[in-house]
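**Q** Spelled out, the chains give:
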Amino acid sequence: MQPRRDSRLNIHVQGWLLALPAVVLLATFTHIPAVVTVIDSFYSTPRGVRRSVFIGFDQYQAMLADPIFWKAFENNLLYALITVPLAIGIALGMALRVNGRIKGRAALRLAFFTPTILPMVAAANIWLFFYTNDYGLLNQIIRAFGFANVNWLGSNATALWSLMAVTIWKEAGFFMIFFLAALQQVPPDLYEAARMENAGAWTVFRRITWPLVMPTTLFVAINALINAFRIVDQVIAMTGGGPNNASTLLLFYIYQVAFSFWDSSYAAALSTVLLLLLGTIALAQFYLLDRKVHYR
Amino acid sequence: MKSVVVRSVSKLWGDARAVDNVSFDVEPGTLAVLLGPSGCGKSTTLRMIAGLDEPTSGVIEIAGKDVTGLTGSSRGVAMVFQSYALFPHLTVADNITFGLSVRGTPKAEMATRLAKVAALLGLGPLLARKPSQLSGGQQQRVALGRALIAEAPVCLLDEPLSNLDAQLRQELRHEIRALQQRLGITMVYVTHDQTEAMSMADRVILMRGGKIEQNGTPADLYERPANIFTAKFIGTAPMSFLDLDGGRVLGLRAEDIAVSRDTAQGVHATVTSVEYLGAEALVTCTLGERPVLARTRGAGAPAVGARVALSWEPAAAHVFDASSGNRLAIDPGAAIGPSHFQTLQSQGSINA
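Those protein sequence lines, which keep their order, are chains A and B. In this text, residue positions in the first sequence follow the numbering used here: the first is 54, and each later residue adds one. In this text, residue positions in the second sequence follow the numbering used here: the first is 104, and each later residue adds one.
Be aware that one or more of the hints could be misleading.
Unchecked claim - Quick list of in silico lysine to any residue cross-link-like pairs, SDA-like style, CA-CA up to 25 angstroms: (1) B:Lys-335 - A:Pro-264; (2) B:Lys-233 - A:Leu-243; (3) B:Lys-210 - A:Tyr-244; (4) B:Lys-168 - A:Pro-264; (5) B:Lys-210 - A:Lys-156; (6) B:Lys-233 - A:Thr-256; (7) B:Lys-168 - A:Arg-248; (8) B:Lys-233 - A:Pro-264; (9) B:Lys-233 - A:Lys-156; (10) A:Lys-156 - B:Glu-157; (11) B:Lys-233 - A:Tyr-244; (12) B:Lys-210 - A:Arg-248.
Claimed, not checked - If you anchor each label on the Cβ, the simulated ranges turn out as follows: (13) B:Arg-351 - A:Asp-242: 44 to 50 angstroms; (14) A:Ala-254 - B:Ser-126: 53 to 59 angstroms; (15) A:Met-267 - B:Leu-271: 29 to 35 angstroms; (16) A:Lys-156 - B:Ala-231: 44 to 50 angstroms; (17) A:Leu-161 - B:Trp-116: 41 to 47 angstroms; (18) B:Leu-286 - A:Ala-254: 54 to 60 angstroms; (19) A:Ile-170 - B:Ala-222: 56 to 62 angstroms; (20) B:Asp-128 - A:Leu-161: 44 to 50 angstroms; (21) B:Trp-116 - A:Tyr-188: 39 to 45 angstroms; (22) B:Ala-222 - A:Lys-156: 49 to 55 angstroms; (23) B:Arg-351 - A:Ala-254: 56 to 62 angstroms; (24) B:Trp-116 - A:Ile-170: 35 to 41 angstroms; (25) A:Met-267 - B:Leu-286: 32 to 38 angstroms.
Since the hints were derived computationally from the structure, they do not count as laboratory data. Quick reminder that beta carbons are idealized off the backbone N, C-alpha and C, glycines included.
When you get a sec, could you build the whole thing from the sequences and use the hints?
**A** Listed below in structure tokens is the structure:
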């Protein structure tokens, strides 16, 4: 028995050693900062000679009374609610289009995928040109049809929606790749079996394609949802959260609080809330994916 | 009226002729097998009957009607795919009733027909399961049920048993044939397995290189093969061939050759191997350089290396033209028996 236990121990040590680099990296840059953030959120921000002191849930109470936090939260919810289904719908549509046998399929796939390879800041700058008030592309077009200029990024009514368009444009091509992979996993026989029954295109989509790509849709939806709550770069590049916080999103607000207002403790509290939110979504992902990928 | 008529049908993929001017018809209520090695065009022919592929030229009629431009159910055919093509996300019941629901059949009628098909195939206890929870044989039954519930007059089966083990294959072979006869439907069945074809078919259509080699009853193909290809392809033990004079080939079935230790009569040969199968044994002899396969009783098989005499009834001899491979008509008097063969051999005109 003795030598066997030794070799078992040995295997465990080996296993941990193999996992060590990943564990160290994850712990250093993800887990420890996360825990520290949560702890910091219960202390006041140190200023000058004033040391930070334990203040319990004060930051969270302040958050509940903070109208900008609620505005950012509301904006973010709306942002997710609009961009996630639209990006998924467009991605699936594009994938269906380039999955068929059509001419120039590779070129079309590449075209749909291009926005994904651009850095967000570059994409944001391209769209700044589209949205610019006087000589922007969009305004030139609508002027040609006889409408008045719209200040896309500068008005309360349109700023958030303009940002959403960029997100959808950028993400749809990326999600298309996932859908394309899923579509190519569907055995062609299934479509032929449906053809034998003279099922129409819509019936085939609704009863075969859609349920079979469901696991992918779910996976993409969860990731899109997480992304929607992590958007910050195009807000910084395009609107700076304005006008009047009309396009402020959670992560951007955290960034502002931490690095413009230097209220690191309140930022930690906000981060904790965002962390909880994202954690919940991730948990839902694991739960749903385990449940819904039923047919394999 | 014929159930299926295939008239001068060709299918070209680019320049390749997958099916080359094929014509045949299938009587109602019979089972026709499209048989042949892989790449012979049998599956393409079936897909054209199904309407999944359109012929490059030629006409297909189902129940007397030209069905060009129609697919599957609208031309009155149902199909069982080689891979079964079951929808993985649907239950057995939903898989079977898929076609009915697409056509908007009322729920009550759907339930009655489902119950009938389920009883027919013994699928009752499995209706709520998903395909992934079924064995291969059960999946095959579901695929069959999906084809049968439409009550289409013609049912097409594309190598339906090729993914199953030998035991199950044999069971389902009987079952499919019994169902076909009981329901009185027409079946066109594609396979590369000649045993399957011979045991199930009313008619076997043997194909090679996109053309029909022979179209006849299983007995026709076995007893009067139209050419050397058919003679080689049909039968569990391959036919033995010996070259005769005048560009002719003599073909002999293993069971038609008698092996005798008495070398006084018959053609002399040496036993090179014996395959013992219980009731019988397959004895391979060499005659000159040619292998000759003979079937003997298992108990009395000769030993390897023994000198034996081979003999056969002259009427059992098949004679083919060596260059075209076609069967030659031999009048009974000129049939080639062992004694005739010996004479030919001693004259040096035989290259055995």
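**Q** Does each hint hold? Answer for all of them.
**A** Consistency of the hints with the structure:
| no. | hint | result |
| --- | --- | --- |
| 1 | B:Lys-335 - A:Pro-264 | violated (48 angstroms) |
| 2 | B:Lys-233 - A:Leu-243 | holds (15 angstroms) |
| 3 | B:Lys-210 - A:Tyr-244 | holds (24 angstroms) |
| 4 | B:Lys-168 - A:Pro-264 | violated (37 angstroms) |
| 5 | B:Lys-210 - A:Lys-156 | violated (43 angstroms) |
| 6 | B:Lys-233 - A:Thr-256 | holds (20 angstroms) |
| 7 | B:Lys-168 - A:Arg-248 | holds (20 angstroms) |
| 8 | B:Lys-233 - A:Pro-264 | holds (14 angstroms) |
| 9 | B:Lys-233 - A:Lys-156 | violated (38 angstroms) |
| 10 | A:Lys-156 - B:Glu-157 | holds (22 angstroms) |
| 11 | B:Lys-233 - A:Tyr-244 | holds (18 angstroms) |
| 12 | B:Lys-210 - A:Arg-248 | holds (22 angstroms) |
| 13 | B:Arg-351 - A:Asp-242: 44 to 50 angstroms | holds (47 angstroms) |
| 14 | A:Ala-254 - B:Ser-126: 53 to 59 angstroms | violated (35 angstroms) |
| 15 | A:Met-267 - B:Leu-271: 29 to 35 angstroms | holds (33 angstroms) |
| 16 | A:Lys-156 - B:Ala-231: 44 to 50 angstroms | holds (45 angstroms) |
| 17 | A:Leu-161 - B:Trp-116: 41 to 47 angstroms | violated (25 angstroms) |
| 18 | B:Leu-286 - A:Ala-254: 54 to 60 angstroms | violated (33 angstroms) |
| 19 | A:Ile-170 - B:Ala-222: 56 to 62 angstroms | holds (58 angstroms) |
| 20 | B:Asp-128 - A:Leu-161: 44 to 50 angstroms | holds (46 angstroms) |
| 21 | B:Trp-116 - A:Tyr-188: 39 to 45 angstroms | violated (55 angstroms) |
| 22 | B:Ala-222 - A:Lys-156: 49 to 55 angstroms | holds (51 angstroms) |
| 23 | B:Arg-351 - A:Ala-254: 56 to 62 angstroms | holds (60 angstroms) |
| 24 | B:Trp-116 - A:Ile-170: 35 to 41 angstroms | holds (37 angstroms) |
| 25 | A:Met-267 - B:Leu-286: 32 to 38 angstroms | holds (37 angstroms) |
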